[in-house]
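Residue numbers (my numbering), protein chains in the order written: chain A, 4 to 241; chain B, 4 to 241.
Mixed in with the good hints there might be a few duds.
Put simply, identical chains are the same to the list, so a pair is met inside one copy or across any two.
Under the rule of at most 20 angstroms between Cα atoms (straight-line distance), these lysine to any residue pairs were calculated in the SDA-like manner [said to hold, decoys possible]:
| no. | residue 1 | residue 2 |
| --- | --- | --- |
| 1 | Lys72 | Gly179 |
| 2 | Lys72 | Gly220 |
| 3 | Lys93 | Arg225 |
| 4 | Lys156 | Ile15 |
| 5 | Lys210 | Glu116 |
| 6 | Lys117 | Val33 |
| 7 | Lys105 | Gly220 |
| 8 | Lys72 | Pro177 |
| 9 | Lys72 | Ala203 |
| 10 | Lys129 | Asp161 |
| 11 | Lys153 | Gln63 |
| 12 | Lys90 | Lys210 |
| 13 | Lys117 | Leu187 |
| 14 | Lys156 | Asp13 |
| 15 | Lys93 | Ala36 |
| 16 | Lys210 | Ser58 |
| 17 | Lys105 | Pro221 |
| 18 | Lys129 | Glu198 |
| 19 | Lys90 | Arg188 |
| 20 | Lys117 | Thr181 |
| 21 | Lys72 | Pro221 |
| 22 | Lys93 | Glu198 |
| 23 | Lys210 | Gln121 |
| 24 | Lys90 | Pro79 |
| 25 | Lys117 | Asn5 |
| 26 | Lys90 | Ser216 |
| 27 | Lys153 | Pro164 |
What the hints contain is simulated information worked out from the structure, not anything from laboratory work.
Number of protein chains: 2
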Amino acid sequence: MNLILLYEADFISSDIVRLSGRRLEHIVQVHRAESGQQLRVGLLNGNIGFGQITSLSDQQVELQVGLTKSPPPPPPITLILALPRPKMLKRIIQHVTALGVKKLVLINSYRVEKSYWQTPWLDEEKLFEQCLLGLEQAVDTQMPEILLRKRFKPFVEDELPELSQDSHKLVAHPIGGTVCPVDLRENCTLAIGPEGGFIAYEVEKLKEAGFHSVHLGPRILRVETALPVLVSRLFPSS
Amino acid sequence: MNLILLYEADFISSDIVRLSGRRLEHIVQVHRAESGQQLRVGLLNGNIGFGQITSLSDQQVELQVGLTKSPPPPPPITLILALPRPKMLKRIIQHVTALGVKKLVLINSYRVEKSYWQTPWLDEEKLFEQCLLGLEQAVDTQMPEILLRKRFKPFVEDELPELSQDSHKLVAHPIGGTVCPVDLRENCTLAIGPEGGFIAYEVEKLKEAGFHSVHLGPRILRVETALPVLVSRLFPSS
Numbered sequence: 004m005n006l007i008l009l010y011e012a013d014f015i016s017s018d019i020v021r022l023s024g025r026r027l028e029h030i031v032q033v034h035r036a037e038s039g040q041q042l043r044v045g046l047l048n049g050n051i052g053f054g055q056i057t058s059l060s061d062q063q064v065e066l067q068v069g070l071t072k073s074p075p076p077p078p079p080i081t082l083i084l085a086l087p088r089p090k091m092l093k094r095i096i097q098h099v100t101a102l103g104v105k106k107l108v109l110i111n112s113y114r115v116e117k118s119y120w121q122t123p124w125l126d127e128e129k130l131f132e133q134c135l136l137g138l139e140q141a142v143d144t145q146m147p148e149i150l151l152r153k154r155f156k157p158f159v160e161d162e163l164p165e166l167s168q169d170s171h172k173l174v175a176h177p178i179g180g181t182v183c184p185v186d187l188r189e190n191c192t193l194a195i196g197p198e199g200g201f202i203a204y205e206v207e208k209l210k211e212a213g214f215h216s217v218h219l220g221p222r223i224l225r226v227e228t229a230l231p232v233l234v235s236r237l238f239p240s241s
Numbered sequence: 004m005n006l007i008l009l010y011e012a013d014f015i016s017s018d019i020v021r022l023s024g025r026r027l028e029h030i031v032q033v034h035r036a037e038s039g040q041q042l043r044v045g046l047l048n049g050n051i052g053f054g055q056i057t058s059l060s061d062q063q064v065e066l067q068v069g070l071t072k073s074p075p076p077p078p079p080i081t082l083i084l085a086l087p088r089p090k091m092l093k094r095i096i097q098h099v100t101a102l103g104v105k106k107l108v109l110i111n112s113y114r115v116e117k118s119y120w121q122t123p124w125l126d127e128e129k130l131f132e133q134c135l136l137g138l139e140q141a142v143d144t145q146m147p148e149i150l151l152r153k154r155f156k157p158f159v160e161d162e163l164p165e166l167s168q169d170s171h172k173l174v175a176h177p178i179g180g181t182v183c184p185v186d187l188r189e190n191c192t193l194a195i196g197p198e199g200g201f202i203a204y205e206v207e208k209l210k211e212a213g214f215h216s217v218h219l220g221p222r223i224l225r226v227e228t229a230l231p232v233l234v235s236r237l238f239p240s241s
């Protein structure tokens, strides 16, 4: 937790917040904070700044906060990702959020097992929790939007054209295509397949939707490794 | 397993290998292979090519192999990494290997808990296994070398100067420094701290050894996310 995220409901006056639970625990156990100490805080979907501890007990902590700094600008990317298996989903949501992606569409694909869609990790509340962890890690406040699309063809044919309008459209595919470009200066919609990749039919459908196939060289990377590689090569880190 | 790795001991004649165990299982259960089928194989620390199944039973499989292609060229990087906690170590070794790193030094740091050095995952055999998984994933055959250095100061003062000679020396540190460069054309020695980062003293010692501090922008990434980002930004993917 490199940032303590605040909600509107935490405010007991215009500049005082009262926290308990997980955040109090973190402040006490990890920061070993004392009254008077300043901690980095941010308002969910708002600004970042500092909070000074004005009172601290076993039950609650109060901080006087000043939120003057904008959150880091997000990379202008929409990520279309074949639903990973549940074990990886959690980690991938955190990776995606920490990398600053603000729009993620989890889609079906031939190599996505049907059972993956049943995982409780797809519940709105659980996804929100994982995103929070990603934001707290990356010192960001802007919650990403996550869409679930369980049918590949209707999504690609009916929804993707508008979603990817006026953007550089790329599908990461280890075979064929060109090397993934570096440091784009325009919006990008990036599609990443499941472990094992999109099948030829799916790549074809994406190409029909204007997507261009890119690869990362001769090494075939797991989705978990490829994801940070792709996002960070496409957009400069500052 | 995108590549079936072969050992010298698998050869029963100049171009026939006989496999059992984990590789046989994979060939039967994942590839659902049949006699006559061609599979991608590679000799550990040697060439990559194809193996054609000449016989297949419950106990063993025999393949006739031709190994004509060199493994992918590694990025010219030596990675110095503060020992991650055991839970992450396994995954990180796989990431590192899949990204093509051929020299990894796991070092101590103030924020590395002493107990981390006791994990069985640091046994030579276990590290080898994780590296194998990384190579099989990335379609590579060259086993990385992993060094363990349990004392920070002697390593940085006595060993690092020679190890990092004639290379671009970088330490990833979220505070200060310059943005991580892209697509280097020279050797690089990259030091990455533990979760929470190197302490000021350690960064100072690395600077004395000629290291230059680089960051990845305003977002603070977990080691697991930062690692693929750093390696892939430093070196072009093909």
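Practice task
Please work out whether the CA atoms of Lys153 and Pro164 approach to 20 angstroms or closer within one copy, between two copies, in both situations, or in neither?
Solution key: within (17 angstroms within a copy, 54 angstroms between copies)
Exercise for the section: Using 20 angstroms as the alpha carbon limit, work out where Lys93 and Ala36 are close: within a copy, between copies, both or neither. Expected result: Result: close neither inside a copy nor across copies, 30 angstroms intra and 33 angstroms inter.
Problem - Lys129 and Asp161: within-copy, between-copy, both or neither at 20 angstroms Cα - result: neither (28 angstroms within a copy, 48 angstroms between copies)
Problem - Status of Pro221 relative to Lys105 across identical chains (alpha carbons, at most 20 angstroms) - result: between (29 angstroms within a copy, 16 angstroms between copies)
Practice task
Please work out whether the CA atoms of Lys117 and Val33 approach to 20 angstroms or closer within one copy, between two copies, in both situations, or in neither?
Solution key: between (40 angstroms within a copy, 18 angstroms between copies)
Exercise for the section: Check Lys72 against Pro221 for me: Cα-Cα at most 20 angstroms, and say if that holds within a copy, between copies, both or neither. Expected result: between (42 angstroms within a copy, 12 angstroms between copies)
Practice task
Please work out whether the CA atoms of Lys210 and Gln121 approach to 20 angstroms or closer within one copy, between two copies, in both situations, or in neither?
Solution key: neither (29 angstroms within a copy, 51 angstroms between copies)
Problem - 20 angstroms Cα threshold - placement of Asn5 relative to Lys117 - result: neither (36 angstroms within a copy, 23 angstroms between copies)
Problem - Copy assignment of Lys117 with Thr181, given that the CA separation must stay at most 20 angstroms - result: Answer is neither: 31 angstroms inside a copy and 46 angstroms across each miss the 20 angstroms cutoff.
Practice task
Pop the pair Lys90 and Arg188 into one bin, within, between, both or neither, using alpha-carbon distances up to 20 angstroms.
Solution key: Intra 34 angstroms, inter 37 angstroms, cutoff 20 angstroms: neither.
Exercise for the section: Give the relationship of Lys129 and Glu198 under a CA distance limit of 20 angstroms: within one copy only, between copies only, both, or neither. Expected result: neither (23 angstroms within a copy, 24 angstroms between copies)
Exercise for the section: Pop the pair Lys72 and Pro177 into one bin, within, between, both or neither, using alpha-carbon distances up to 20 angstroms. Expected result: The answer is between: 18 angstroms across copies meets 20 angstroms, while 40 angstroms in one copy does not.
Taken one by one, the earlier hints fail for this structure at numbers 4, 5, 9, 10, 11, 12, 13, 14, 15, 16, 18, 19, 20, 23, 24, 25, 26, listed in ascending order.
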